[in-house]
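Those protein sequence lines, which keep their order, are chains A and B. Under the numbering used here, the first sequence has 351 at position 351, and the numbering climbs by one with no breaks. Under the numbering used here, the second sequence has 522 at position 138, and the numbering climbs by one with no breaks.
I should point out that these hints are in silico values taken from the structure, not numbers from a laboratory. All the given hints hold, so there is nothing to weed out.
In silico lysine to aspartate or glutamate, DMTMM-like type, Cα no more than 20 Å apart, as pairs:
no. : chain 1 : residue 1 : chain 2 : residue 2
1   : B       : Lys668    : A       : Asp316
2   : A       : Lys284    : B       : Asp700
3   : B       : Lys668    : B       : Asp678
4   : B       : Lys668    : A       : Asp293
5   : A       : Lys284    : B       : Asp677
6   : B       : Lys668    : B       : Asp700
7   : A       : Lys284    : A       : Asp316
8   : A       : Lys284    : B       : Glu674
9   : A       : Lys284    : B       : Asp673
10  : B       : Lys668    : A       : Glu290
11  : A       : Lys284    : A       : Asp358
12  : A       : Lys284    : A       : Asp294
13  : B       : Lys668    : A       : Asp289
14  : B       : Lys668    : B       : Asp742
As a plain string of letters, each chain reads:
There are 2 protein chains.
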Amino acid sequence: MTLADVATPALVLDSAVLERNCEAMAQRAARHGVALRPHLKTSKSAGVARLATRGQPGGVTVSTVAELDYFASQGFLDLTYAVGISAGKIEALDRIQRRYGAQITLLADQVEAVRAAAARADALGARFAMLIEIDTGGGRGGVAPSDPELLTIARAIQQSDAFTLLGVLTHAGHSYHAPGLEAIQRIAEDERAGAVRAAERLRGQGMEVSVVSVGSTPTAVYATRLDGVTEMRPGVYTFFDLDQQARGVCRMEDIALSVLATVIGHNPRSGRVLIDAGALALSKDRSGDEFRDDLGFGLVCPITGGAPWPGLRVADVHQEHGLLATDGAPQALFDALPIGSRVRILPHHACMTAAPYDRYHVVRGTDQRVNAVWGKARGWVEGA
Amino acid sequence: MTLADVATPALVLDSAVLERNCEAMAQRAARHGVALRPHLKTSKSAGVARLATRGQPGGVTVSTVAELDYFASQGFLDLTYAVGISAGKIEALDRIQRRYGAQITLLADQVEAVRAAAARADALGARFAMLIEIDTGGGRGGVAPSDPELLTIARAIQQSDAFTLLGVLTHAGHSYHAPGLEAIQRIAEDERAGAVRAAERLRGQGMEVSVVSVGSTPTAVYATRLDGVTEMRPGVYTFFDLDQQARGVCRMEDIALSVLATVIGHNPRSGRVLIDAGALALSKDRSGDEFRDDLGFGLVCPITGGAPWPGLRVADVHQEHGLLATDGAPQALFDALPIGSRVRILPHHACMTAAPYDRYHVVRGTDQRVNAVWGKARGWVEGA
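With the rest of the complex left out, here is chain A:
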């Protein structure tokens, strides 16, 4: 099978770029003396996870019950579920732990959530490790490192039979919006210092803290030091995307993921080329627009991959239609992309684009042969 045979739209993954991205992040983790616990919400795929955990202790990070179930079934048994726990999910998580012999680490930033989840876990005889979520500036979830509530939550965890406190976790999501590398470095240091500060406060109360976990691809790439941190959880670095490129976190040639599409029409009145990848196949995410204004809904590469065509972009999307527009002459575009020809679209945000698909078609470099088809999780529930 080659990319000419694959039903479109479809996800294409360049394993040479993927391996290089994984290796570079593993080297960063080694340089900082921390473990790499990759966030697999980006790929949702065991094929990617095997490369991303190579040379690491093997733990992974996920964000849905569907991912927990899938990765446990694929032999990834040390799983951090990095979304605040709610009691309603405990039964499914207990099933997954028992079914596969997995160990799921939970996250909490609320005493009420800890107590409700503990009551459900106690009723089931379930046991979970737990981390406290720390807000180091992202402003989504988490307690501030200096918040008295931190100790209240820690004690609630310690008082439950169901939970064992392992430490603290933070995600500097605001690093995605930082204007420039120095700003990312400052956020990385805030992230590190805040997580370490929270850990020290717990230790000051005689509590054992074995995990100090930081996250985000931008801070993982640009952190200058990670003293006191035990692990990092970047995710999108495995694939990278236009959003990360626009922010200066990767180069265009570091983007491993693209969407294969077929040219289905030329519109001589609008000068646009129609493809069979639209809003669902590409996603409507335009995160990269924060730092670049020429990306449309994605950039367009030849079927062999490589650099995107200058001045060409997905200018508009409908549910199953994409419309390519060029800064140049439309007729030259029609000549370059005849009806039935194929292109690869680089996405703004790899996590959003990859999510609804069932599989990756794995190629290597400019070779169009499909060397492997990798399955993946999707949706939200067990067995999805």
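Could you slot chain B onto chain A? The hints should help.
Just chain B now, with coordinates in the frame of chain A:
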């Protein structure tokens, strides 16, 4: 099972509203003397299709090979595939026709596409009905009603053994952006007149035209006359959404679809409530922003449905987190939505929100009992 037992995030469908929407559209079609061939790309569900085709000849419209395969497997055998055909899809479509005894009608607006698809179909001994796509102002695909190319395409279809020309199809997608009802009515008349004009030109060449098909929910709702039209293909009217409400095409109480989510946190610093439905569960589509500025990523209703809470919205989304913000006092919000409680989010664009899910949880009115779980298609390929 009630909505308190469903794993979140999940789709909830109010069958009372759905039935009312389907009945109202059937009455409009009857008033205009046209058949209703509902576009099922919105729901991708046989449960919805059975209600939407009640009292109609039974034909449906779809936009992916996955939908063709799924609906044919569910007994919907008269299927219009309303995306310009490409030769690469002919083999899958032939399999689906043979497997289920289905009749798929294709769409084309390019001689090259017709010839390439015909060659593939001839090689397989496959036969398809075909419509020519007409551009009545949407500017996506289609030939203009007066374009000489219309006759060239028609002759190419007639010259092929594989294809039988049935007529013309148009989709006035620009009706979604019309500022007000009079503008929608003008677009509806352009859509009708353009499709009829194209049909008359074909008839003027001695060709038989049995199908004159128009589309879009706004024009279907507000068309004043459909003389010369044989069918209409609205889709989102089955569910409606905030986007249609913002445009004045439906009322808030006509929205049948919502996303069930669980409250997983309170952030006292930001005043925000965290839920477990984020960018993937709600989609990042914000179409309604074109006409309203208070929708965020969706409005928030009680678990019993009914009117959204005034001043409350999904202010921000991360991959699996939604952040609710209120115009009022945060503490009142925290009191109203304790940790572990559940809400229903009305989406901007039902088609985008529903697409990645596997099923609908069907309730009726304010009753939280789940009366049925309806399967659906998703993805792009056969058997997905």
